[in-house]
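Trainee: Residues per chain, in single letters:
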Amino acid sequence: MEKKIRVLVAKPGLDGHDRGAKVVCRALRDAGMEVIYTGLHQTAEQIVNTALQEDVDVIGLSLLSGAHMTFFTDISHLMKKKKMTDVLVVGGGIIPEEDVPRLKKIGVNAVFGPGTPVNDIVRYIRENVKE
Amino acid sequence: MSMLASQVIKGDIRSIARLISLVENNDSTAIDPMKELHRFTGKAHVIGVTGVMGSGKSSLIYELAKTYRKQKKTVGIIAIDPSSPFSGGALLGDRIRMTDLSTNKGVFIRSMGTRGMLGGLTAAVYDVISILDAAGKDIILVETVGIGQDEIDIAKIADTTLVILVPGLGDSVQMIKAGLMEIADIFIVNKADKPGAEQTVAEIESLLDICEKSVRQTPIIKTSAKKKQGISDLIQEIQNHKEYLKTSKQYEMRKRKRYETELYELIRKRLMNYIYDETKLKDRIDNLIDQITKKKLDPHTAADEILHKILK
Amino acid sequence: MSEKETNNKKKTQQQNWEKKNNTPTIKEKMERKRTFKNLSNTEIKALFTKDDTTHLNYKKDIGFPGEYPFLRGVHKTMYRGQLWTMRQFAGFGTAEETNQRYKYLLDHGETGLSVAFDYPTLYGYDTDHPLARGEFGKCGVAVSSLQDMELLFRDIPVDKITTSMTINGPAAIIWAMYIANAENRGIPKDQIGGTIQNDILKEYIAQKSYIFPPEPSMRLIVDTFEYGAKHTPRWNTISISGYHIREAGSTAVQELAFTLADGLEYVKAAMSRGLNIDDFAYRLSFFFNAHNDFFEEIAKYRAARRIWAKEMKKLGAKKPRSLLMRFHTQTSGCSLTSQQPEINIVRVTLQALAAVLGGTQSLHTNSMDEALALPSEKAVRIALRTQQIIAEESGVTNTIDPLGGSYYIEWLTDQMEEETFKYFDRIERLGGVIPAIEKGFFQREIAEAAYRYQKEIDEKERIIVGVNQYQLKEPTTIPILKMDEQGEERQINRLKNLRKNRDNIKVEKTLTRLRTASMKDENLMPYIINCVHTYATLGEVCGVFREVFGEYTEQAIY
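So the protein lines, in turn, are chains A, B and C.
Using numbering that gives the first Met the number 0, read the first sequence as starting at 0 and increasing by one per residue.
Using numbering that gives the first Met the number 0, read the second sequence as starting at 0 and increasing by one per residue.
Using numbering that gives the first Met the number 0, read the third sequence as starting at 0 and increasing by one per residue.
Isolated chain A, as found in the complex:
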């Protein structure tokens, strides 16, 4: 039996816009992945603990409120603390171009803005999941 890619799709903070997260969940499922969806209003600690228990290969963070710097930084710190170096982190939402290099520096592997075809996200995950 082949190994299944497991993805945690998480909504950090108070942002309630979940259209994108849910569309991505379904697309990843249809691409044969196992998708764990956290639901809304997650703290950084909840997301990292969930990722750890679920042994996911990928964490996908969706945020449209503009609070991405704070949350992605917190999550990335916690992941380092728990030595989760083999987990791919991707982000999506309303994220200005100029924040992307800063996000990459703190360990976010890729950022997908509005208008990204979901197939691009599927392809990126398949090609970049860490062994």
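Just to be clear, a hint being listed does not mean it is correct.
Covered by chain B, per the in silico footprint, the following chain A stretches (three or more residues, Cβ under 8 Å) [claimed, not checked]:
1. 21-33
2. 50-64
3. 72-81
Derived from the structure by calculation, the hints contain no laboratory data.
Beta carbons are placed, not taken as given, at the ideal position from N, Cα and C, and that holds for glycine.
Got chain A; can you put chains B and C on it based on the hints?
Mentor: Chains B and C alone, transformed into the frame defined by chain A:
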């Protein structure tokens, strides 16, 4: 002892999670640690939770887990959702109902897809229960998909099986059809704050009158996970059931039944792995299929040949 | 007999045309696509003629502006009398920063204000709450107490300008602060005009900024209706919103149907409290999206007016003003693209034009940079200018409902109305709006539509310029709004000082009275107003409700 097994026994979250993945992926490196863990298992009380979609299984499990934590008991939760038969992928969303448990140190939650098992429980569930048991969880709650065979299967591995119904779904006839009357150790009428709860209780009672087979009366508990009502009653009934199992020697019988089911399942799984293994039999089987298609051979003779090869 | 004959003859005319010009072969060989569909997945014919509207009776189904069924507009004069209110949704950072933005917008010809609150405020948390971390001022302004409200409207004539506030869970509290601020400035309550969104049903359905469970939420809403009917005749106590339903991925028909279903639910809730429909109905307002399919959007607004008038009549409304659907429109945020952001200006122009041709009472035009961040000053100015060009240059305001009588528009209006009534039936069968929410009906319908839309784009069945066709190799960038980095610290300090310097005994006393009242059946508005007057914070007042009412948790529906 392997590093992985010893870390699991210590309760290391990362190791527990990793071993579960290995088991789910049918990875052969999981076999040795699983062998080592067996003697550390048998302490946990395994509770199967079943009921149709929308009966509030996740919310009820959440309330149970929180109450068990207040009693200082550690809890493992296995939440199973169906995998897509088309893509093999799955949407695992049961944690939404339990979000604040993910930071509770005494709780470990794992979501699983059924991964191609039609109806029945995925074989990995047995191992996942053993892993959480060996990791020292006092209570293990297994949430089934809630359709068909997996409900019957859960009753074979759980010490206590909870069957959840809700008012107004008209499920009593289906219950008999699905054989739920036989597997329930405790009936729960959830969402009891809604109209029709009493009627649902009455329906279960009258069905129980017809099918009751043992001396123990199957209790019916009314709960409302939303209003946090009936949870402590339920916990008390689970405890009562555990004591009943111990005093009536049912406990050993159930454990034996569980290992029986597990062993058969394991043999089946191993055989299937062997048969599907590319390097060993796949070529030969493909060849036989060609011959059958061309009418040079019949399927029964072909099966005989393969079985003979395996048993040699 | 003869009428039927004429009808038959007419039909033959259209059939003749179709026979000649729209045969399967022509369709196959000469048309670009196999089917042409609008955003609600309705197939659109090559040509509409009189045949498609013969079933409509002019007087009964179309009529005149300002007259039942109000299809052509709610006012006799429409834009010849008064233009729509140009109302840009704005808010970020501290109350001072946003106050500056309001003044900038008013200086550039904006005619109404619209407040965007930040997430902590939307959820009833003060800026110093742990869950507010990282969220301060990010997608709106933080208002934690009456003090912030005072700063937000400093030097703005709240007796002359109307203010719309997008606030739902804690709407009653924020409104109380607005009232208290006016009172402190010596402006009587009956002089202030504006709107609170106050629409909790669409929060459960789509937008997810809910706090309390449905029952107490509905109670708070009806409290505001009742209070408003008595004390604030110029205030819209609710803005029943399809905007967010659409943004969450619904089709235009779903937006229309679900919004009106929500509206009727509020009316019924108020009536079951014993309120007279004609006392509050005229203060209900609506809020719609303006998406990409131009004619579909126009038909949507027109259908909405007609359905609402019919339904309100059925519920027993007698006064004509109770039958009017007045609505605000915002161009679609989710239709904006982060790729080639400047071209969003063109999208917004078309969407805004649809809203105007659909007879909107007020309008927000999105800024080109909103797929990336909150709008910069320049971007928001261009968005406002877009409205001004439509109003002043295009000539579309010269006549009322200029598309009325178009075969296509009238057919589509009618078709959308029909689909809406089908949804009403389905909702009814589920036991009403709230049971349908609990069963996940709306959420599932929307998730399906959202996924289908995304797939259509991915598979290039729908072309989005710059996204799946006509892309640029090099990404274009535009300057983004910068916020005051020290704002959060200043806000937290301000709150700290407030808590220290106010009369805390008085605060406690009013909060206790509120708690007692909320456990009984009393209208809570006067109690809330008393609380905010003492500078009790949003978080403190909301805390009382959280304690008494509990909190709502979402369902997992993809």
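Trainee: Now tell me if each hint is right for this structure.
Mentor: Hints, one by one, checked against the model:
Residue count for the stretch 21-33 of chain A with a Cβ under 8 Å from a Cβ of chain B: 9. That meets the three needed, and the coverage hint holds. Judged by the Cβ-Cβ criterion of 8 Å, the stretch 50-64 of chain A is covered by chain B as claimed, because 4 of its residues qualify and three suffice. Coverage of the stretch 72-81 of chain A by chain B is violated [criterion: at least 3 residues with CB-CB distance below 8 Å; count 1].
Of the numbered hints given earlier, the model fails hint 3 alone.
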